[in-house]
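Engineer: Starting from the known structure of chain A, arrange chain B on it as the hints suggest.
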Amino acid sequence: MPLWLEVLIKSVILLFVVVTSFAYAMLAERKILGWMQLRPGPNRVGPWGLLQPAADAAKLMLKEDLTPETADPLLYKLAPFISLLTAFSVYAIIPFGASASGQTWAIGNVNAGILLILAIGSLGVYGICLGGWASGSKYPLLGSVRSTAQMISYELAMSLSFVGVLILAGTTSLDGIVNAQARWWFVLPQFVGCIIYVITAVAETNRAPFDLVEAETELVAGFHTEYSGLRFGLFFIAEYVNMLTVSCIATLLFFGGWNAPLHLTFIPGVAWFVIKVACFMFFYMWLRATLPRLRYDRLMAFGWKVLLPLATLNLVVTAIVVAYTG
Amino acid sequence: MIAFWVLAAVLIASAVWTIVAKKPVYSVVALLLNFATLAVLYVTLSAEFLAVIQIIVYSGAILVLFVFVIALLGSGVAPFPTGPNRLPKIWLPAGFFTLAAFGFLIYAVSNVKMAAAPATGAVGNAGVFGSVADFGKALFTVQLLPFEATGLVLMVAVIGVITLGGEQMSDAEAQQSRMRADRAVREAILREGKG
Numbered sequence: 018m019p020l021w022l023e024v025l026i027k028s029v030i031l032l033f034v035v036v037t038s039f040a041y042a043m044l045a046e047r048k049i050l051g052w053m054q055l056r057p058g059p060n061r062v063g064p065w066g067l068l069q070p071a072a073d074a075a076k077l078m079l080k081e082d083l084t085p086e087t088a089d090p091l092l093y094k095l096a097p098f099i100s101l102l103t104a105f106s107v108y109a110i111i112p113f114g115a116s117a118s119g120q121t122w123a124i125g126n127v128n129a130g131i132l133l134i135l136a137i138g139s140l141g142v143y144g145i146c147l148g149g150w151a152s153g154s155k156y157p158l159l160g161s162v163r164s165t166a167q168m169i170s171y172e173l174a175m176s177l178s179f180v181g182v183l184i185l186a187g188t189t190s191l192d193g194i195v196n197a198q199a200r201w202w203f204v205l206p207q208f209v210g211c212i213i214y215v216i217t218a219v220a221e222t223n224r225a226p227f228d229l230v231e232a233e234t235e236l237v238a239g240f241h242t243e244y245s246g247l248r249f250g251l252f253f254i255a256e257y258v259n260m261l262t263v264s265c266i267a268t269l270l271f272f273g274g275w276n277a278p279l280h281l282t283f284i285p286g287v288a289w290f291v292i293k294v295a296c297f298m299f300f301y302m303w304l305r306a307t308l309p310r311l312r313y314d315r316l317m318a319f320g321w322k323v324l325l326p327l328a329t330l331n332l333v334v335t336a337i338v339v340a341y342t343g
Numbered sequence: 017m018i019a020f021w022v023l024a025a026v027l028i029a030s031a032v033w034t035i036v037a038k039k040p041v042y043s044v045v046a047l048l049l050n051f052a053t054l055a056v057l058y059v060t061l062s063a064e065f066l067a068v069i070q071i072i073v074y075s076g077a078i079l080v081l082f083v084f085v086i087a088l089l090g091s092g093v094a095p096f097p098t099g100p101n102r103l104p105k106i107w108l109p110a111g112f113f114t115l116a117a118f119g120f121l122i123y124a125v126s127n128v129k130m131a132a133a134p135a136t137g138a139v140g141n142a143g144v145f146g147s148v149a150d151f152g153k154a155l156f157t158v159q160l161l162p163f164e165a166t167g168l169v170l171m172v173a174v175i176g177v178i179t180l181g182g183e184q185m186s187d188a189e190a191q192q193s194r195m196r197a198d199r200a201v202r203e204a205i206l207r208e209g210k211g
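Chains as they are written, first to last, in our numbering: chain A, 18 to 343; chain B, 17 to 211.
No wet-lab data here; the hints were simulated from the structure.
It should be emphasised that the depicted structure is a prediction, and the values quoted were computed from it without experimental measurement.
You can trust all of the hints, since none of them are fake.
FRET-style restraints, in silico, Cβ to Cβ: (1) A:E235 to B:M17: 53 to 63 Å; (2) B:A200 to A:Q54: 34 to 44 Å; (3) B:N127 to A:F98: 37 to 47 Å.
C-beta: ideal position from N, C-alpha, C; glycine also.
Bound conformation, chain A alone (with noise of 0.2 Å):
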């Protein structure tokens, strides 16, 4: 099979899969959320309310698309494009399984490829910043700034958290870091640095308790509030596959990615995959079900004078140790 072809036979697959695992993780978080708030979630279109994203889609497409009349028309247009593409485009590194013979369960196996992951997620503020900026009213603009200046904080954490686990794997790569959790998920020597991850992620995906961005009580919708129908969709979607990107990054740095967990090798590693990355992603809605949002002085000071020392003083730990014992 030429290479052409066979990126762009996976391409398609991924795409289709990630899509159909955003509407379905929206529908699951909506249904979460109602059970743990005592009340049914949706349950009227379909068998439990099993089509609720094909109607949600059908209704934000029929939508009417406003552009304000004081909005940046080039850029407010470009913003969610911006969103979606960053979004979508780390999974073209991303391996879900195991290679072998020449067959890989990625698109394209980058060697740089966690520092790569982190090029494209930094990008996403964009999305973010630019839109909020375009709209030309003034929710979206406090909005767009605090996101700004909450994920430029919390990426330093965040990278800083990816470095421990680089020391101990001795690579770059996603599938050299995954191999080399053959016998210790990194999550055992580095359960600081999971700890700091896994909090920093639901600062970069900007959900709750870390939603800002949003903030309904304050902000009506912060950055979106001026999008509406198809383009307001696209940055619902950008959300959901960043909570994808994050909860699969999680399982490749810090639970051994495609490993079966004692011994449990009949069951295949992708199959392991997904039921890490759909434990995540139940755990970022149970926190969004639990927590109440920070405020926005005391967010700032968690990411500056807490997270970033501890992840530097992980980071020294973990050099330091690697060095004396090899």
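Structural biologist: This is chain B only, laid out in the frame that chain A set:
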């Protein structure tokens, strides 16, 4: 080779757009395109680590700060104020120096002896040009002095900016302003609570 010419065209076009854009935000977006293209150009030269760092540092951090400042100052909505066009007066010397620089560049490039082609193989493995491992090793052994010197220069620049831009405050004044800020926050919380 086709990739190079396409990338070069995009690179120059976005650089020109950065300069001529009417609104500051468009300049930033053009610069973003410029940096992204430059990163792809690095990848075609098999310098993948440099490409990734280009995106993380410049596109992901520095440009975001530009957008942040533009959004915060609100100056992005209005176009740049148009002053008297000073370009006509300097186009002759500027053009001369540009041509001279390009001429020197062409002379230098055409006279340089090509180094041996880098080892081919899986991009990024140790021992292959541009890999993360080799880049890091070079940075912390052979190139350590220039690397640290660059760091020192940046540090001096940061301290300079703080000295020039920061307000001079005595300890008593600083104490007072801290207390004022604390009181404002407490009152705001009380107000929110009542409302």
